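Colleague: Residue numbers (my numbering), protein chains in the order written: chain Z, 180 to 245; chain L, 862 to 1227.
Don't read these hints as lab results, they were simulated from the structure.
Note that this is a predicted model, so its numbers are computed, not measured.
Incorrect hints may have been included.
[Unchecked claim] When the alpha-carbon atoms are kept at most 30 Å apart in a straight line, the in silico BS3-like pairs for lysine-lysine are as follows:
(1) Lys-1065(L) x Lys-1085(L)
(2) Lys-1049(L) x Lys-213(Z)
(3) Lys-930(L) x Lys-1049(L)
(4) Lys-1139(L) x Lys-185(Z)
(5) Lys-1139(L) x Lys-197(Z)
(6) Lys-197(Z) x Lys-1154(L)
(7) Lys-1005(L) x Lys-871(L)
(8) Lys-213(Z) x Lys-930(L)
(9) Lys-1049(L) x Lys-1065(L)
(10) Lys-185(Z) x Lys-1164(L)
(11) Lys-1071(L) x Lys-185(Z)
[Stated by the list, open to error] Estimated spans, in silico, between C-beta atoms of each pair:
(12) Glu-1193(L) x Ala-181(Z): 22 to 32 Å
(13) Arg-235(Z) x Glu-1168(L): 32 to 42 Å
(14) Arg-219(Z) x Glu-903(L): 49 to 59 Å
For glycine and all other residues, C-beta sits at the position ideal for the given N, C-alpha and C.
Below, each chain spelled out in residue letters.
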Amino acid sequence: MAGQIKHMLDAIVAQRSKGNSTLAMTTKTKLILKGINPDRFDGTSPDDPAVIARVRAIAAELGARV
Amino acid sequence: MSVTTAYSAKELPEAISDLKAQCDCDPRVVIFFASAKYNPAELSRQMQTAFPGACVLGCSTAGEIALGKLMRGSIAAMFLDGEIVADAAPAIVEDLRGDMRVGDAFAQIERHLHAPLASLDVGKYVGVVLADGLSGAEERLMEKIGDRADIFFVGGSAGDDLKFESTHVLLNGQAYTNAALLLLLELKNGFDIIKTQSFVSTGKSLVATKVDEARRCVIEFDHKPALEAYAQALEVAPNQAPALFMRHPVGLMVDGDPYVRSPQRIEGSAIYFYCQIKQGMELEVLNATDIVKDTREAIEARKATGEPISGIIDFQCILRTLQLRGENRCDEYGAIFAGIPMAGLSTYGEAYLGHMNQTSTMLVFH
């Protein structure tokens, strides 16, 4: 399987930004500051269980559902 | 008059009368930055007494900035009147090293505003944050703020004239340590935030593979002793690397924009930073550029938008101030802001979305 991490990160950004491009940028910055860089993941990125767990935790911190 | 600034190098209580005499408005908010030479509790009490109708807040510093000058041993103040501020909601977050109840502070702000933070227009409301600069907790504070709110918070860490003994945040007549002050402002005319740091990437990257995050320590980069890997990136011997820390911090890059993490000291082959670095973070080694040139360009770019500037608060890293002093360029830096009401401080860290070093974060009032 592949691409789940990118899908989850896109969902977090979409939920927090609600279409506002400035908030999309700041949400991306918050993710990077939390240690997950969305630019490092694409549709072919392996579904690393440790990274997925970390992204789930970050989603909970940011109040997003993934 | 919307924004006025003042400064005084007098002792208490004359400094208060001096500042009040320079205040050319009926302020709704008074923000002040004071040398650690002043007794913080007494200073906070006297400032609140002098401006009883205003929200009065501030912090101790590693230097003050006002009227185009980078100073020491003084108080710099900014007065915001009703033409700028529609509402001001302050709160204290206590116990930064422990529970850090940001939720309680936000609840207090929401009670004041009669609205949840999530409902507020991010273009009309802005937050100012001043944190105890010796708490070691600014990263967690900014993360909790960012988790709960999309409102932009900008600010910095209080200092104490490079004594590293005790810093204070001050609000409504009280003085606090191990605490942060949050101020939510509803602004009538809008605002901008400028983040400027004078570094470019060297193109060399380091991955933090073993860290002690709470102590702001990197033990290994790229599975090698941190000092060895950092020195290798700079093509110097490890014993030469610490002398290069100020010119070559590392940056957590966001679309090419560095969030600077400055090395502080070594312990064996581990490097302690002024900012936490998380396990697995990829950082780029940075090279210093010209603080005056870059800051001037940032302000000129802002002026070129055509939006009015009523005033600027400059939260400037003490490391930048020390560099300017060393280069004898403080007056050049101050001249960048000629004609703009400006006040600020030299901080022990800067805040915008996260905690960072060797940066100026600025709140620009329209």
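Colleague: Decide, hint by hint, whether the structure agrees.
Modeller: Tested hints:
Taken as a hint, the Lys-1065(L) and Lys-1085(L) pair is honoured in the structure, with Cα atoms around 15 Å apart against an allowance of 30 Å. The suggested pairing of Lys-1049(L) with Lys-213(Z) is violated, with an alpha-carbon distance near 33 Å, which exceeds 30 Å. With a C-alpha separation of about 29 Å, the suggested pair Lys-930(L) and Lys-1049(L) falls inside the 30 Å cut-off, and the hint holds. Restraint check for Lys-1139(L) and Lys-185(Z): satisfied, since their Cα atoms lie roughly 21 Å apart, inside the 30 Å limit.
Using a Cα cut-off of 30 Å, the hinted pair Lys-1139(L) and Lys-197(Z) holds, with the two alpha carbons roughly 28 Å apart. For the hint pairing Lys-197(Z) with Lys-1154(L), the CA-to-CA distance comes to about 37 Å; that exceeds 30 Å, so the pair is violated. Restraint check for Lys-1005(L) and Lys-871(L): the C-alpha separation of about 38 Å exceeds 30 Å, so the hint is violated. Note on Lys-213(Z) and Lys-930(L): the hinted pairing is violated, with a Cα-Cα distance of about 36 Å set against a maximum of 30 Å.
Annotation: proposed proximity of Lys-1049(L) to Lys-1065(L) is violated, straight-line Cα distance about 45 Å (limit 30 Å). Annotation: proposed proximity of Lys-185(Z) to Lys-1164(L) is violated, straight-line Cα distance about 38 Å (limit 30 Å). A C-alpha spacing of about 25 Å is found between Lys-1071(L) and Lys-185(Z), which places the hinted pair at or below 30 Å, so the restraint holds. The hinted window of 22 to 32 Å between Glu-1193(L) and Ala-181(Z) is violated, with their beta carbons roughly 53 Å apart.
Range check, Arg-235(Z) to Glu-1168(L): Cβ separation about 41 Å, and the 32 to 42 Å hint holds. A hinted range of 49 to 59 Å holds for the C-beta pair Arg-219(Z) and Glu-903(L), which are about 52 Å apart.
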